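Number of protein chains: 2
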Amino acid sequence: MIILSDINEAAERLLGHVHTTPILTSKYFNLLSGAELFFKCENFQKTGSFKARGALNSVLNLNATQRKNGVTTHSSGNHGQALAWAAAQQNVKAYIVMPKNSPQVKVDAVKGYGAQIIFCENTLQAREDSLAQVMENTKATFCPPYNYKPTIEGQATCAYEIFEDINELEFLLTPVGGGGLLAGSALSAHYFSPNTQVIGCEPELAKDAFLSFKTGTLQPPLPPVTIADGLRTSLGPINFGYIQNHVSDILLCSEEEIKNTQRLIWQRMKIIVEPSSAVPLACVLKNPKPFVGKKVGIVLSGGNVDI
Amino acid sequence: MIILSDINEAAERLLGHVHTTPILTSKYFNLLSGAELFFKCENFQKTGSFKARGALNSVLNLNATQRKNGVTTHSSGNHGQALAWAAAQQNVKAYIVMPKNSPQVKVDAVKGYGAQIIFCENTLQAREDSLAQVMENTKATFCPPYNYKPTIEGQATCAYEIFEDINELEFLLTPVGGGGLLAGSALSAHYFSPNTQVIGCEPELAKDAFLSFKTGTLQPPLPPVTIADGLRTSLGPINFGYIQNHVSDILLCSEEEIKNTQRLIWQRMKIIVEPSSAVPLACVLKNPKPFVGKKVGIVLSGGNVDI
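In order, the protein sequence lines correspond to chains A and B.
For the first sequence, the numbering used here gives the first residue as 915, with consecutive numbering after it.
For the second sequence, the numbering used here gives the first residue as 915, with consecutive numbering after it.
It cannot be assumed that every hint is accurate.
Identical copies look the same in the list; a pair holds intra-copy or inter-copy alike.
[Unchecked claim] Restricting the straight-line Cα-Cα distance to at most 30 Å, the calculated cross-link-like pairs of lysine-lysine (BS3-like) are:
no.	residue 1	residue 2
1	Lys-982	Lys-941
2	Lys-1200	Lys-1128
3	Lys-1128	Lys-941
4	Lys-1025	Lys-1203
5	Lys-1173	Lys-1020
6	Lys-1063	Lys-1128
7	Lys-941	Lys-1025
8	Lys-1200	Lys-1020
9	Lys-1209	Lys-941
10	Lys-1053	Lys-982
11	Lys-1020	Lys-1063
12	Lys-1128	Lys-982
13	Lys-941	Lys-1007
14	Lys-1020	Lys-941
15	Lys-1025	Lys-1200
16	Lys-1209	Lys-1007
Because the hints were derived from the structure by calculation, they are not lab data.
What you are looking at is a predicted structure, and each value in this text was computed from that prediction instead of being measured.
Using the sequences provided together with the hints, build the complete structure.
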């Protein structure tokens, strides 16, 4: 159970190590939606996504023996970079298991932080086998990308910062993939801004969180085909519990809507966001009615795209 | 002659009408260059470029009769959008002469601000003829893009804001096309931060400002072929005077260096900048020695690219 002081402590622990990212507004998107929108720019976060928060909080939670043995995870995306970065900040060794076909830019980023990369086939089985092998050989601690208490506490600090800056936010929307950011945001709202309704936003092609939320039973993941590559993962059971208790709704949008909204954000706000970041705004623009005249926070979760 | 109080007054006039744009830093580019860099983000400015400053200052300088008759310019770029926007803010009619083959996105932006577009052939002669026709028909006031006192005063407010925020800046680098931004920046430094050396940065393929500066005689423009489309214009004679008196140097970079630097800015800073904006940083990275260990301001002049 994550309690109020866990999030307070995570926020203190991370202060000065991660960016307190800016909150931008856009007259254009306010006009388009009828809402008053506040964009939390985690694309400007260290390593280019909110994942730096959870990864660093995980590393800072290690005991002395664990620090000596290092950390490990498997990742083809932002969490691998984030953990490699977090470990480097703390002079801890990192072993990152990556699929052989990972984009060169992500491989270079992980290498750039001094982590050791272990390549494997691109199946979940191969990734888990390689991870188990690394853990056996090195005694490194596995730092999971979302279904893990220190990760969720770290991600919770993003919404915590929003509530420090913006009073009386009526809604807070985040993308949902594995659910770490959504669960953390919902917990922060629960403790620090209880009148804010937290809503998860998901691509229709990856709607396992939507189906889980509506049926009350954790659903298996769908094929990883959405353009929003950060949201292809399946919802974690720990996060699902928090989401059931503290999230108001989960909204869906199409691939076309994600692409159009991403382009509009680039064009109008002059910032680079990855497709996953466009999902909440795409959901607002698809169905603006509940948000008209309301103060709505939107987490732009990351900016890692191949340019 | 632009005096200190002209710039002070322009800054007061524009306050609250244009954005006081943020100044970003980047650990990555500091490491790459050895300098301490401060990026003034005019890509986040109203209409997506610093041109909003000069255009609005020009409109705010009109007398009552001029306001009634409206404003006009010819432009295939940022100044046209900026003047259309500035006029709309002040309920003044705008007539924008644009070449027939202008990108649809720019045509739409100008139309979006409610300006009337007059299409012409894409030659300087046709543009000037159309402009003369508009002025005769409407009595609208011509608001030139750079070689014009109110424009230069408006552009000067960008550096003015930098000096308000960053003390003891040793260098300030801006792109140079027509020279309004460079002349305005140099004047602001002269009056408000006299120890700051102002340097113009120009593509090798458009080095008329460089040649003019080195020879002491205004040189004709080169063919408009550089990818930095904002810098294809020829240096204005009024600006050239200020540049001769108050600019320390003009540096050059290649097309390849502009493209690489633009991509790096997108990738590392997660912001959209147009090619012209990348020119100063490209010049620093090409020739970092004079800047090592120094505080260097860089104007990211705009973010209008077709996405």
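- [ ] Taking the numbered hints from earlier one at a time, note which ones the structure violates and give those numbers from smallest to largest.
- [x] When the structure is compared with the hints, numbers 3, 12 and 16 turn out to be violated.
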